[in-house]
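There are 2 protein chains.
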Amino acid sequence: MRQMRPLRRSLPLCLLLAACAQQPVATTPAAKPLTSAEVLAASAPADWRAPDPENTLYLELKSGRVVLELAPAFAPNHAANIKALVREKYFDGLVILRSQDNYVVQWGDPQEDESKQKPIRTARKALGPEFARAIGPDLPFTRLADGDVYAPEVGHAAGFPAARDPASGQAWLAHCYGALGVARGNTADSGSGTGLYVVIGHSPRHLDRNITLAGRVIQGMELLSALPRGTGPLGFYEKPAHHVPIKAVRVAADVPAKDRSELEVLRTDTPTWSAFVDARRNRREEWFLDPVGHIELCNVPIPVRAAAKP
Amino acid sequence: MRQMRPLRRSLPLCLLLAACAQQPVATTPAAKPLTSAEVLAASAPADWRAPDPENTLYLELKSGRVVLELAPAFAPNHAANIKALVREKYFDGLVILRSQDNYVVQWGDPQEDESKQKPIRTARKALGPEFARAIGPDLPFTRLADGDVYAPEVGHAAGFPAARDPASGQAWLAHCYGALGVARGNTADSGSGTGLYVVIGHSPRHLDRNITLAGRVIQGMELLSALPRGTGPLGFYEKPAHHVPIKAVRVAADVPAKDRSELEVLRTDTPTWSAFVDARRNRREEWFLDPVGHIELCNVPIPVRAAAKP
Chain V
25 MRQMRPLRRS LPLCLLLAAC AQQPVATTPA AKPLTSAEVL AASAPADWRA
75 PDPENTLYLE LKSGRVVLEL APAFAPNHAA NIKALVREKY FDGLVILRSQ
125 DNYVVQWGDP QEDESKQKPI RTARKALGPE FARAIGPDLP FTRLADGDVY
175 APEVGHAAGF PAARDPASGQ AWLAHCYGAL GVARGNTADS GSGTGLYVVI
225 GHSPRHLDRN ITLAGRVIQG MELLSALPRG TGPLGFYEKP AHHVPIKAVR
275 VAADVPAKDR SELEVLRTDT PTWSAFVDAR RNRREEWFLD PVGHIELCNV
325 PIPVRAAAKP
Chain Z
25 MRQMRPLRRS LPLCLLLAAC AQQPVATTPA AKPLTSAEVL AASAPADWRA
75 PDPENTLYLE LKSGRVVLEL APAFAPNHAA NIKALVREKY FDGLVILRSQ
125 DNYVVQWGDP QEDESKQKPI RTARKALGPE FARAIGPDLP FTRLADGDVY
175 APEVGHAAGF PAARDPASGQ AWLAHCYGAL GVARGNTADS GSGTGLYVVI
225 GHSPRHLDRN ITLAGRVIQG MELLSALPRG TGPLGFYEKP AHHVPIKAVR
275 VAADVPAKDR SELEVLRTDT PTWSAFVDAR RNRREEWFLD PVGHIELCNV
325 PIPVRAAAKP
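Which chain is which? The protein sequence lines are V and Z, in order.
Under the numbering used here, think of the first position of the first sequence as 25, with each following residue one higher.
Under the numbering used here, think of the first position of the second sequence as 25, with each following residue one higher.
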C-alpha cells in the first residue's frame, strides 16, 4: 500500500511528550524555530521545578498511584483542610463513587448522607468558598495571548492554568482536564474537601468561579479517566460493588523518601515556557499541514517528567 | 452534618440531560427564562431529527454498541468510502489498537504495515483530503455568539459543531469530544478511512483543518472513552492481547429495523436550539452561584434521546 504511511506514522498527532522527545533534536542553537519536543530537549534544569512534597498528594488505588499537586496559592484553606483530612486518614477505605462521561470522577464517603457517615476528627467541617482570589504581586501570571471564551485573561500562575479579570481584580484556577475540585451543595460554603472531583473530559470552564478548585493531577490521570462510567444519574455507581476502593491518600511529605514519586514539572514563568507554548501554538512538526497559530488555555500541556536521580 | 447537602445534590453539575429532565418543569409558557432541562421538556417533536440510517454506523464491541453519525455535508467522499469499507466488512474482526489519554482512541488493522494486512476489496484506497469545504447556502450555520480561540466563527451546521472563516470562504467540522476522524500519514491524501479515531479528551481543536473529520459519536461514547489507556507511545496497545476486538461495523440502513438503535438528535437550527444554547450559556439552575454568561463551542452538548415508538 504505497499511499499509506507506516501505521505509527499515520497517527493524528504526537502528543505524548516522551514520544515527541524521541525525535531528532538540535543540540546547538538553531535559527529554525523549535518544535515543542525540541524546546523540552534543550531545556535547562532550572526550567523545571519539583512540586513541594507538603502540597503533593498520593491517591493510592489498586491500579496504582495518582499524584496530585495542591494549589495553596489559590485555595489555601481548602488545601490545608484536604491535608488535614488526609492526615487523619479520612479518605482511607473510602471510594470513588462517580464517573460521569466527559465530565468528572468523584470520591468520598458513600454514606455521607446517612447516619453511618465517616466522622471528621481534626479537619474543619465547613469552609468558606475559595472560588477566586485577589490579583497581586504575590501571584505572577504568564499570560496567554490567544484569548479565551470565558475570561478576560488566561494564562498560568503558580504552575496552574488560571484566569484573571482585571476589572474585578480577581484571579482563579481554570477547570482544565485533570483539575481537582471540592464538591459542594447548593450553597457556597457547603464544601469542605470530604468530597473531591477530577475533570476527565472536555474542560467544563462554566464551573470556574462556581466551585473551589484546589489543585490538579500531575501523574496517573489514566487511572481515573479510564474508570468505567457509572450507570446512575450523574455517573454515580449504582451498586457498592461498582465503587472503586481508595487504599489510602497520603501527603508526599509524610511518605518515606524511597517511596515517593519524584517528579519535575515544567515551570510556567520562564523563557523556556514561553518557547514551549509558542511551539504548541505554531505547530512545526512535519505532520501538521496547517500550523494552527492559536492555542487555547486547556490545550497547553504542562510537561511532567521523572526527576533526575540526585 | 447540617452544612452538607445530600450527596446527590452536592454534585458539581447536572450534565446528564436525562437527570436534568427529572427536575420540575414549567408546563405553561413562563416569563422566567428556562433552564436547559426546561427547554428540552418544552420541546416539540419537530425540534428533533432522526439521523439518516444511511449515514449512521454501528460499531459493535463486546461491551455494546457505539452509534456514529457520518457528516456527508462536510466529508462526502470520506463518508462514502467509510460506508464502502463497512459494507465490504473491512472492519469486522479488526481492533481498537490505541487509547491515548486526553486525546483519542483509534481503530483499524494492526497489521496494516505488514504483508498480512487486510485487503481492501471495493472501497477506494486513497482519497483527497476533506479538511474543509466551501461556505454556501446549502450549509446553513447557526452561529454561536461567544467567540472562539481557533476560528473566526463557530456554531452548528448539519447538526455538527463546526467553524467558518468568511475570509477564506471555508467551513469545517470542529474537533469536539466524540468527533470521528480519519487517520492519515504525513501527506494530506494519506487517509482513506481504514484507520479511524474518536476524540476522548479535551477537544484538540489544533487538529481542525489538519485532518478529515467525518462524523461524531451520538451514543455509546463511554464504551470508547473508558477503555484502558495503551502503554506504548501515543497510547498504542503494546500487546495484541490488549487490543479491543471489533465484532462488526454496520450501516444502520443495512440492519433489520428491529435491531436498530432508534435515536433522535436535537436539531441545531430551531428557536428551541437557540433557547437551549442560551440556557447553557446563562445557567439558571439553583446550583450555579455565578450564571457564567459564556459558552464555548465544545461545551455545548447536543442532546440525543430514544425515539418515540411509532
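Keep in mind that the hints are not guaranteed to be accurate.
As the list makes no split between identical chains, a pair holds if one copy fits it or if it spans any two.
[Stated by the list, open to error] Derived lysine to any residue pairs resembling SDA-like cross-links, with alpha carbons at most 20 Å apart:
#: 1; residue 1: Lys149; residue 2: Glu138
#: 2; residue 1: Lys113; residue 2: Ala191
#: 3; residue 1: Lys86; residue 2: Lys263
These aren't lab readings, by the way, just hints derived from the structure by calculation.
Outcome of the hint check:
1. Lys149 x Glu138: within (16 Å within a copy, 61 Å between copies)
2. Lys113 x Ala191: So Lys113 and Ala191 fail the 20 Å test inside a copy (42 Å) and across (59 Å) alike.
3. Lys86 x Lys263: within (19 Å within a copy, 22 Å between copies)
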